[in-house]
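Engineer: Residues per chain, in single letters:
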Amino acid sequence: MADKPKVAVYWLGACAGCDESIVDLNETLLQLAQVVDIVLWPVAMDFKYAHIEALKDGEISLSILSGSVRNSDHEEMAGLLRKKSKLVLALGACACFGGTAGLANFKTKEEIFSWVYLDAPTVVNPEARFPQTETRVDGKVLTLPEFYDHVYTLDQIIEVDYYLPGCPPPPDLIANAVNSVLTGDLPPIGSTLAPRMALCDTCSRNKKKPSKMEITQIKRIHEVEADPDSCFLAEGIICMGPATRTGCGETCMKTNLPCRGCFGPPPGVVGAGPKYLSALTSLIKAEKTEEIHEIIKDIVDPAGYFYRFTQPSSILGRKKPKKQMEE
Amino acid sequence: MAESNPKLVCFSCKFGWGYLSEESALASKITNWIPVVCSGKIDTSHILKAFRAGADGVLILGCSEGHCHFQDGNIQTEKKVLLLQKVLETFGIEQERLEIQLSMDPDGQNIPLLIKKMEENLIKLGPIKRL
Ligand code: SF4
Ligand code: SF4
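Going down the list, the protein sequences come from chains A and B. Just so you know, we're using my numbering here: the first sequence kicks off at 1211 and counts up by one. Just so you know, we're using my numbering here: the second sequence kicks off at 610 and counts up by one.
It should be emphasised that the hints constitute simulated quantities derived from the structure, not laboratory data. Careful: at least some of the hints might be erroneous.
[Said to hold, decoys possible] No farther apart than 30 Å at their CA atoms in a straight line, the calculated lysine-lysine pairs in the DSSO-like style are these:
(1) 695/B - 725/B
(2) 616/B - 1485/A
(3) 650/B - 1429/A
(4) 650/B - 725/B
(5) 1530/A - 616/B
(6) 616/B - 1319/A
(7) 738/B - 1485/A
(8) 1529/A - 616/B
(9) 1214/A - 1258/A
(10) 695/B - 1498/A
(11) 1498/A - 726/B
(12) 1530/A - 695/B
(13) 650/B - 1485/A
(14) 695/B - 1422/A
(15) 733/B - 638/B
(16) 658/B - 1530/A
(17) 658/B - 726/B
(18) 1507/A - 695/B
(19) 638/B - 725/B
(20) 1507/A - 738/B
(21) 650/B - 1529/A
(22) 1529/A - 738/B
(23) 658/B - 1317/A
(24) 1317/A - 733/B
(25) 726/B - 1507/A
(26) 1530/A - 738/B
(27) 1429/A - 1507/A
(28) 733/B - 1529/A
(29) 1485/A - 623/B
(30) 1266/A - 1214/A
(31) 658/B - 1507/A
(32) 1507/A - 733/B
(33) 695/B - 1485/A
(34) 1498/A - 658/B
(35) 1319/A - 1350/A
(36) 738/B - 1317/A
(37) 695/B - 1495/A
[Unchecked claim] What follows is a set of in silico ranges between Cβ atoms, one per label pair, in the way DEER data are often shown:
(38) 735/B - 1459/A: 47 to 53 Å
(39) 675/B - 1423/A: 20 to 26 Å
(40) 1510/A - 646/B: 34 to 40 Å
Predicted, not measured: the structure shown is a model, and the values here were computed from it. Backbone N, C-alpha and C fix where the C-beta goes; we use that ideal spot for every residue, glycine too.
Let's have the full structure, built from the sequences with the hints guiding it.
Structural biologist: This is the structure in structure tokens:
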């Protein structure tokens, strides 16, 4: 037991979908459990954080962290696991780029609190009480983590060694990543453990792309019956494939849904959002200002589309954390 | 942003704007001026990086419709700009902070005037609130 490499799996600001994808390794997970010592995995097993604190620095071979960093508890756990681990893998779109939760950066903390605790139609809060980091009850102090005013990617808070994007990442890439760590067959630090091409390069619908694409009308996927073999973009349906890394297994495509971009940009692209915006507008067939307006008015919430998974890592969305973990 | 001195970045196409004037003479009158070979060359990331670096506004000057030396670089950029304005709004950056004008000005004398006009608008808007 003691000789087996230690692995920790932890969720920060996450939905547990990434954990679910690890569970989806099925039998592979059982084989894995024989060769590694899982020291932490809140979604599946019971451990105490004190056990992690008691480990030597660097004693954990690999920590797999999903989720973004939104509160002081996330920051603390990310810092603790970084300290105790040789390698940290950012698992999933949230940890890698901020994920869907990162869209909250389009609102301030005050706006979010007002809506959630006061203004939402299902909320009854006549005394306008908001969560406090400390509350005194019967002489005792109850504490809650501090909700930050920003959603951070994992690498804005701690050093990250490897990235595996996706929402959630597919089990086959998770198995490959863990195997690479176990065998020591790893690419340079900082690499993303997924293919390097864009989704369009591997998409079967690409064959049906017309040689010259011209979009004259933007359609939303629920408004049309999309042809199951045609390129979505060619039909005027927003598909993030051109600005998204492949490797997801095309589960969305297979259910006749366009790519939403959860694998983030292909290598070398800083900001999937603006790159996609440029690619999309280049396909729009319009020669006059009014024609451009007429077509783009149907793109409802363009920022939400283009930054769905990447707002906190984007050129305008990224922010330096106010306080870094000590040490 | 000092009240009287908003930071404005101006990109302009060399084919339509100021090609009859000495570039260095014009440049001495205009701060943060980036003449480019075709406005189509201006990428969305250039605009975003300008805002990230602290610009209060970005002005893009391209050739008039039908006069692009590369067929439609000006229209390609106009499409990007019009959609990017909507995206910027969500980031808390008012649409008026990104402007595009497609026109011709061989002497380039209008460039400082257009910048002045936009700067006045930027003063009214005040600093960018959210970044
Ligand atoms: S990447 Fe997706 S599946 Fe993973 S934690 Fe974030 S929202 Fe959930
Ligand atoms: S745009 Fe979408 S549907 Fe078209 S080839 Fe690319 S990934 Fe496939």
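Engineer: Within a Cα-Cα threshold of 30 Å, do residue 650/B and residue 1485/A meet the stated pairing?
Structural biologist: Status holds; Cα separation ~13 Å.
Engineer: Sort out whether residue 733/B lies within 30 Å of residue 1507/A, counting only the CA atoms.
Structural biologist: Cα-Cα ~27 Å, so holds.
Engineer: Given the hint that residue 695/B pairs with residue 725/B, test it: the Cα-Cα distance must not exceed 30 Å.
Structural biologist: 24 Å, holds
Engineer: Given the hinted pair residue 1530/A and residue 695/B, is their Cα-Cα distance within 30 Å?
Structural biologist: 25 Å, holds
Engineer: Does residue 650/B pair with residue 725/B here, judged by a C-alpha cut-off of 30 Å?
Structural biologist: 24 Å, holds
Engineer: Next pair to validate is residue 1214/A with residue 1258/A; report whether the Cα-Cα distance is within 30 Å.
Structural biologist: 20 Å, holds
Engineer: Take the C-alpha atoms of residue 695/B and residue 1495/A, compute the straight-line distance between them, and say whether it is at most 30 Å.
Structural biologist: 19 Å, holds
Engineer: For the pair we were handed, residue 616/B and residue 1319/A, check the Cα-Cα distance against 30 Å.
Structural biologist: 28 Å, holds
Engineer: Hint check: residue 1530/A vs residue 616/B, CA-CA at most 30 Å. Holds or violated?
Structural biologist: 22 Å, holds
Engineer: Look at the Cβ atoms of residue 1510/A and residue 646/B and judge whether their distance stays inside 34 to 40 Å.
Structural biologist: With a Cβ separation near 36 Å, residue 1510/A and residue 646/B satisfy 34 to 40 Å, so the hint holds.
Engineer: Does the alpha-carbon distance linking residue 695/B and residue 1485/A stay inside the 30 Å limit?
Structural biologist: Holds. Residue 695/B to residue 1485/A sits at ~15 Å (cutoff 30 Å).
Engineer: Residue 695/B and residue 1422/A: Cα distance at most 30 Å?
Structural biologist: Distance of about 27 Å is within 30 Å: holds.
Hint violations for this structure: none, all hints satisfied.
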